[in-house]
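Generate coordinates for the entire structure from the input sequences, incorporating the hints supplied.
Each chain, written out:
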Amino acid sequence: MSVVSFSKEKVMQTSVETVKAAPAQPVVAVVTPLSTTATAAAPLLQKRGAWAATAKRGFEWLLPPVTGLLIFAAIWATVSALTQGLPGPVKTWQSAVELFSDPFYINNPNDMGIGWNILNSLKRVATGFGLAAIVGIPMGFVIGRYTFMSRMAAPIISLLKPVSPLAWLPIGLLVFKAANPAAIWVIFITAVWPMIINTAVGVSKVPQDYMNVAKVLNLSEWKVVTKILLPYVMPYMMTGVRLSIGAAWLVIVAAEMLTGGLGIGFWVWDEWNNLNVEHIIIAIFIVGIVGLLLEQLLVLVAKRYSYE
Amino acid sequence: MTTNVMQDRYVLIENVNMTFQTKKGSFQALKDINLNIREGEFISIIGHSGCGKSTVLNLIAGLLQPSEGYLFCAGREISKPGPERAVVFQNHSLLPWLTCFENVYLAVERVFSDNEGPAQLAERTRAALELVGLSHAIEKRPNEISGGMKQRVGIARALAMEPKVLLLDEPFGALDALTRAGLQDELMAIMARSGCTAVMVTHDVDEAVLLSDRIVMMTNGPAATIGEILEVDLPRPRKRLELVEDPAYTHLRSEVLKFLYERHAKKAA
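If you're matching them up, the sequences are chains R and A in order. Residues in the first sequence are numbered from 653 upward in steps of one, following the numbering used here. Residues in the second sequence are numbered from -1 upward in steps of one, following the numbering used here.
Keep in mind that a hint or two might mislead.
As the list claims (entries may be wrong) - Estimated spans, in silico, between C-beta atoms of each pair:
hint	chain 1	residue 1	chain 2	residue 2	range
1	A	Pro245	R	Tyr798	57 to 63 angstroms
2	A	Arg36	R	Val951	57 to 63 angstroms
3	A	Ala117	R	Val951	37 to 43 angstroms
4	R	Trp874	A	Ala117	21 to 27 angstroms
Claimed, not checked - To give a feel for the contact side, a few chain A residues facing chain R, derived at Cβ under 7 angstroms:
hint	residue
5	Leu61
6	Phe70
7	Pro79
8	Val85
9	Ser91
10	Ala105
Because the hints were derived from the structure by calculation, they are not lab data. Glycine residues also receive a C-beta, built at the ideal position from the N, C-alpha and C atoms.
And the structure:
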């Protein structure tokens, strides 16, 4: 066996040597120029073919979404031409260029650039979402692991989950006596349910085989959590996290409209009061794009932590 | 017979009944199971599917508690799983997010970390994987290796705990015939070296005759019990090819087949 593998290695070595030696003999190529052009042309053709294939694939990939966006813009332009007051795509684009030429100006605390508004909303979402993760994920683990806890939590969760998170805003205002923590509170409520539920579902689905291994090896509760539950539940948890961040970003606009202050939601409301409709449309696009980016970011994180 | 009682009744199953509570009411899986297993003995439990052979194994493992009766191991009642009774699961049950090394280390760490440092624990882990011929795949994850290799890791994990009793639940059931034969031979060699007691659940007649000192044949469920026990007095070490021609082997094989297909044939489901 070892002899065979040795000889194989030797063969490979010699072949590598010949390949290395080849460029050191350009004389051959000079003597027969005809054949070199012929051999050089073949890879070039091949290269061109490959490039064409890549371009074709890229075109096929790009064409449908671009067509979709164009149709959307056409409908938008038609509607804006037929109705009064709704600005068309061109006007909105001009307004957006102007708006984003100076996104971080500060005139006074009530008049700051669009960049500050977005960042402020993101900060609220991050805070509420972070708190929800700190509370929701461990709660999900406990609920998924112990039947008693799951039965105990079931009526509370089923009762509170369908309630619009905005209904909790007055409670937040009452308890925290300030608008900003109340908005964060609403985000917390939005984000906490998907995290609890998805984590708990993941924990309850851990295959009995793995739990039998834990029992036979007599693993400590700490080892069960870190070596079996956490790795198994991670994909479920990431689904919960993705759903929560999506919902939190949906709700922040409404929450900020109600609480005021610096943020994309209140900015929309403010622009409505100024009857600056272009800015409202721009805000819709901003919210959409930021939401998309958040989701994509979490998909990447989820892939990073998946064991498969 | 003046041998030590402890050695003679190393694993003791006394009047065990097992009834499961299901949604359709109670279901009696096992009835009046009595069995003594000697120290160092290799026992196979064979029977048709659904006869509760795995239940017997899970009872010895301590994963299940009997409805009635008692189980003892080395003179102590079995009340929960313990490292002296290692289990090789049918579907290997390796943790897919850990490497082969980490899977075995998890078991080693639990049993020996009180007295040994990480270097010694790692050495034990490597030794166990070497024993089953997997030194080259030590850093691979279970989904990167073949079914036979996964089962080897499962065996390494169980052996690394230095158990007094090795419990094997259809360990080679999911493997192809050639891989299975190879692993059976290796298991025989390992058991001869370690001298540990083994209980194996199987539905493979050849496997049972080849590996066992005694074959426990179970009747069909519900309320399955031990039908007959067959002594396999073939000399060791046993060689697969020589046994094929051996009339004693052929006789034992046909005894098991007659039990399974004549006296306790199962109606086609």
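What hint numbers does the structure not satisfy?
6
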